[in-house]
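K.L.:
If you want the building blocks of each chain, they are given just below.
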Amino acid sequence: MSKWGPEKGTQKELIQEAVKATYDDCPALKPAHIDGLLCASSHSERTAFMTHLAPMAAELAGIKPTSLIARVELLCGSSAAAVHLAYAHIAAGLSEMVMVVGVEKLYLPNKWEMPWSIQMSLDPFELMHGMGSPAVMFAMAAREHMKKYGTTEEQMALVAVKNRRNGAGNPKAHFQKAVTAGEVLAARPIVKPLKLLDCTPVTDGAAAIVLAAEERAKEYTEKPVYILGIGQASTHQALANMPDLACFDHLRTASDKAYRMAGIEAGDIDVAETHDCFTISEIIECEDLGFCPKGEGGPFVAAGQSDFGGKVVVNPSGGLISCGHPFGATGARQVMDITLQLRGESYNQVPHARLGLAQNISGPMSASTVTVLGRERVL
Amino acid sequence: MIVGDEYISTLDIIPQQEEGLTRIHQFFSTLKNEGVLTTSKCAACGHVSWPPRIMCPACTSGDLVWVRLASEGVVKAVAGGEAVVLRGYGLPHVHALIQLDGEPPVRVFSRLNGVAPDDAREGMRVRLTVVPASRDRVVFAFEPV
Numbered sequence: 013m014s015k016w017g018p019e020k021g022t023q024k025e026l027i028q029e030a031v032k033a034t035y036d037d038c039p040a041l042k043p044a045h046i047d048g049l050l051c052a053s054s055h056s057e058r059t060a061f062m063t064h065l066a067p068m069a070a071e072l073a074g075i076k077p078t079s080l081i082a083r084v085e086l087l088c089g090s091s092a093a094a095v096h097l098a099y100a101h102i103a104a105g106l107s108e109m110v111m112v113v114g115v116e117k118l119y120l121p122n123k124w125e126m127p128w129s130i131q132m133s134l135d136p137f138e139l140m141h142g143m144g145s146p147a148v149m150f151a152m153a154a155r156e157h158m159k160k161y162g163t164t165e166e167q168m169a170l171v172a173v174k175n176r177r178n179g180a181g182n183p184k185a186h187f188q189k190a191v192t193a194g195e196v197l198a199a200r201p202i203v204k205p206l207k208l209l210d211c212t213p214v215t216d217g218a219a220a221i222v223l224a225a226e227e228r229a230k231e232y233t234e235k236p237v238y239i240l241g242i243g244q245a246s247t248h249q250a251l252a253n254m255p256d257l258a259c260f261d262h263l264r265t266a267s268d269k270a271y272r273m274a275g276i277e278a279g280d281i282d283v284a285e286t287h288d289c290f291t292i293s294e295i296i297e298c299e300d301l302g303f304c305p306k307g308e309g310g311p312f313v314a315a316g317q318s319d320f321g322g323k324v325v326v327n328p329s330g331g332l333i334s335c336g337h338p339f340g341a342t343g344a345r346q347v348m349d350i351t352l353q354l355r356g357e358s359y360n361q362v363p364h365a366r367l368g369l370a371q372n373i374s375g376p377m378s379a380s381t382v383t384v385l386g387r388e389r390v391l
Numbered sequence: 383m384i385v386g387d388e389y390i391s392t393l394d395i396i397p398q399q400e401e402g403l404t405r406i407h408q409f410f411s412t413l414k415n416e417g418v419l420t421t422s423k424c425a426a427c428g429h430v431s432w433p434p435r436i437m438c439p440a441c442t443s444g445d446l447v448w449v450r451l452a453s454e455g456v457v458k459a460v461a462g463g464e465a466v467v468l469r470g471y472g473l474p475h476v477h478a479l480i481q482l483d484g485e486p487p488v489r490v491f492s493r494l495n496g497v498a499p500d501d502a503r504e505g506m507r508v509r510l511t512v513v514p515a516s517r518d519r520v521v522f523a524f525e526p527v
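Chains as they are written, first to last, in the numbering used here: chain A, 13 to 391; chain V, 383 to 527.
One chain only, chain V, in its complex shape (with noise of 0.2 Å):
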């Protein structure tokens, strides 16, 4: 978040990626270099957890691996429109809840660039694309395949 020439980092609703401000840099890292999302697996239960963690919320293990999701899915759910906008963000607005290829399901929230309002819908085929972000950061986001 930037206010005339100040970052405020209490006012950034962009998550820090570093190595050094979070111990889930990997994620970022993985997004911003390869393009593929990924999350944390249990090595001890098998438990996949979306966001990642460092503790498995199944089992409590600490032991946890990185896998890669799939690039590709389904809208499970969306909603859109012009009215709601938030300081920086732009216009139209589409978020969604994608459902991701592969097992185990894992579902996701986004927003969902490329497509107006009235045209998104439920069932849509979508694929994950990269968007760079302030302060040399990136965010995930999906659009229509």
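The following block holds chain A by itself, in its conformation from the complex (with noise of 0.2 Å):
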């Protein structure tokens, strides 16, 4: 991956650093080895006056596709969505080697363009009241998971604190210094009961990985992580039809196939990374992934439960809340991290790692993308 903040540079060169450390992380792996490419980005048309991505994407990491080569968007979910379909092109024997690149380049000139742009993602019934920021929806869930489950603004709090302290030690994360709670519940409101640092900032950035059929991995490391299972869902685009505030049902039923496709169980989850864009979305999605009982998002993370030592790490990268959240280029870089994490790689590694999560949300709280790795094909 590229490094994730406010970025010096083009869409075009975020992609270039991305690709680099894709190669320099694996010598032997050369672009004419590579036979397909997807590139996942959803805002490039305004960001970067830029379509038919995944050729331009190609042309610079010196990829000449012959099995695959195409533009994957879905929103926040993008490059997990492009990660699925790649694993589905080489399952299919379509495809034997695909590099995913994910990115966006958000931080522009005009600092308007940005907020505006991203409305783009609303049905135009909603999109016309002007919602300005999706802190709107997720205050709006944060309420009703508070109402509904006393959920508390300390416990959204303790989401930040140790996804800032994780974050703290990754060198690509947009912010890498910890805070404290109280830093956390006296930072300004955005949307109550959101405030600055329970939100993803605003973050330019790539990530680029290589799928690859198994006896083709293994001519290049003696690590290979294994994609395991894979889920995806959704509900609704208008958050008028989404059918409880609260409960990100996709996720449940995305989950729910992921895991059983793998032949594993919620609880056998060792590190997850899952889509913190705000703190109560890590709260909420604990539940829906099965990590804690529905409405126990909160004492959860409360009770160290999804930190070091606790029933599964979560973002132990520093999630969305320290990495940042370019939404392309999320989603690959969550599996990045994963593989880090099975490798026994990590810069912040959970001992013994053998299966991991990563996790998506995109658009209006409106699908959900899960990828389950392990260590070993079969377990």
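Keep in mind that the hints were calculated from the coordinates and are not lab data.
Don't take each hint at face value.
[Claimed, not checked] Below, in silico cross-link-like pairs of lysine-lysine (PhoX-like), each with a Cα-Cα straight-line distance of 20 Å or less: (1) A/32 <-> A/42; (2) A/204 <-> A/160; (3) A/76 <-> A/24; (4) V/458 <-> A/159; (5) V/423 <-> A/204; (6) A/159 <-> A/306; (7) A/189 <-> A/15; (8) A/42 <-> A/20; (9) A/160 <-> V/414.
[Unchecked claim] If the Cβ cut is set under 7 Å, some of the chain V residues that face chain A in the computed set are: (10) 415; (11) 418; (12) 471; (13) 487.
Glycine residues also receive a C-beta, built at the ideal position from the N, C-alpha and C atoms.
The task is to assemble the complex, starting from two chains supplied on their own in separate frames and drawing on the hints.
P.N.:
Structure follows, in structure tokens:
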């Protein structure tokens, strides 16, 4: 991945920085070995005035695809969806080796453009009301969760404290500085009850990973990581049609499918990179991923169950709250971080991590993408 | 969306409302002329959609009729503040999910005008208001009863 943050550089340059890091990680891997490329990005037409993005990324990466070349868009889950499609293409025998590149360039000279452009992900009947920030709908979710389950602002703050502490050691993260619960609670309100440090920042960045058929992967690494299960689901697009603001129904469906395919249960996961775009998201996700019972996501983080020494380490990378969230790049970044964990090579290593999970929600809390990864092919 | 003196339709977050530009122009003309929200109901299976459609997503019929929705309802979820501003929109902003009265139950996302963010509450009774928008268009909003 590239360094994430407010970066000096264009979208083309972010792609090259991420791709170079991937090649540098595996010196035996050369561009000519890769036969497919998927590029994931949600806002390129507006933020970089760029479409037909996959051939652009392929040319920059030195790849001349012969099996697969396409752009994948699922807003915040774009590159996670691309990982699933690359997996399926390889599993079907149509590709042998596919690079997934996720990228987003969100810092623009005109500051009003990015908030304006992210409105594109709303139904026009909701778009017209000028929401301005996803914080509006996640604040609604937080209020609903507080009302229904007694979740507190202090519990939400503990998600930020944990993730910012984890991110403090991540050399690629946007924020690399720990914060205290007091600082989170005293930060200026964005949309109550969400305050500045409850929110992921606006971030530029790219991430690139390579998927390969097992026999090909073993030519390049002694420590391949296996995709064991995938699941996706969506329940709505208009926020008005979301069944329950305090529950990600699609995440329950998607994670159930991924666990079943992998032949595991939620409790088997050692390490997870979840979609903490806001602190409340991680609390709801811990519930709907099955890490804790519904409604107990607040006490779960407060008891340290999502931290080192707890039931499952959630967001050891620092998550979106530390790394930032260049929409199209986040899913690939999460899969990369879980891969490092399962290889035992993370900057914030979870001891003996054997099973990992990457998870995104996308759009107006509309869709979920879940990937289960393992250190061994067969459990 | 106006930049300088150029109107850029691809940057416009207000829907195009004229006949010829949208097939659901009747929604906007009824809102503008009568101050009433409407939506599509399937003549074949009775399914009511929100937002309005031209195909029923429940039974795939294309035989849809317009039905009037209640102009009052109750706030089911709300959030607002002063930190989030979108160019062209005022502060403070309050947004709400509103359950409209009557059957079948239709829930809409809308701006809630005339109430401070800290005073907006779930359970508030609200009513429809029609707000003029650029290029002779309208949007709907709600305000406390």
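K.L.:
Against this structure, judge whether each hint is valid.
P.N.:
Hint by hint, here is what the structure shows:
1. Restraint check for residue 32 of chain A and residue 42 of chain A: the C-alpha separation of about 11 Å stays at or below 20 Å, so the hint holds.
2. A threshold of 20 Å between alpha carbons decides the hint, and for residue 204 of chain A with residue 160 of chain A the separation of about 17 Å falls inside it, so the pair holds.
3. Between residue 76 of chain A and residue 24 of chain A the alpha-carbon distance is near 17 Å, which keeps this suggested pair within the 20 Å criterion.
4. Between residue 458 of chain V and residue 159 of chain A the alpha-carbon distance is near 12 Å, which keeps this suggested pair within the 20 Å criterion.
5. Taken as a hint, the residue 423 of chain V and residue 204 of chain A pair is broken in the structure, with Cα atoms around 36 Å apart against an allowance of 20 Å.
6. With a C-alpha separation of about 14 Å, the suggested pairing of residue 159 of chain A with residue 306 of chain A holds against the 20 Å cut-off.
7. Using a Cα cut-off of 20 Å, the hinted pair residue 189 of chain A and residue 15 of chain A holds, with the two alpha carbons roughly 15 Å apart.
8. Among the hinted pairs, residue 42 of chain A with residue 20 of chain A is inconsistent with the structure: their alpha-carbon atoms are about 27 Å apart, more than 20 Å.
9. For the given pair, residue 160 of chain A sits about 38 Å from residue 414 of chain V by alpha-carbon distance, which is inconsistent with the 20 Å threshold.
10. This hint is violated: residue 415 of chain V has a C-beta 18 Å from the nearest C-beta of chain A, more than the 7 Å allowed.
11. Below 7 Å, beta-carbon pairs count as interface contacts, and residue 418 of chain V has none with chain A, the closest being about 15 Å; its hint is therefore violated.
12. Hint status for residue 471 of chain V relative to chain A: holds, with the closest Cβ pair at about 4 Å, below 7 Å.
13. The interface hint given for residue 487 of chain V is violated, since its Cβ lies 11 Å from the closest Cβ of chain A, which is over the 7 Å cut-off.
When held up to the earlier numbered hints, the structure conflicts with 5, 8, 9, 10, 11 and 13 and fits the remainder.
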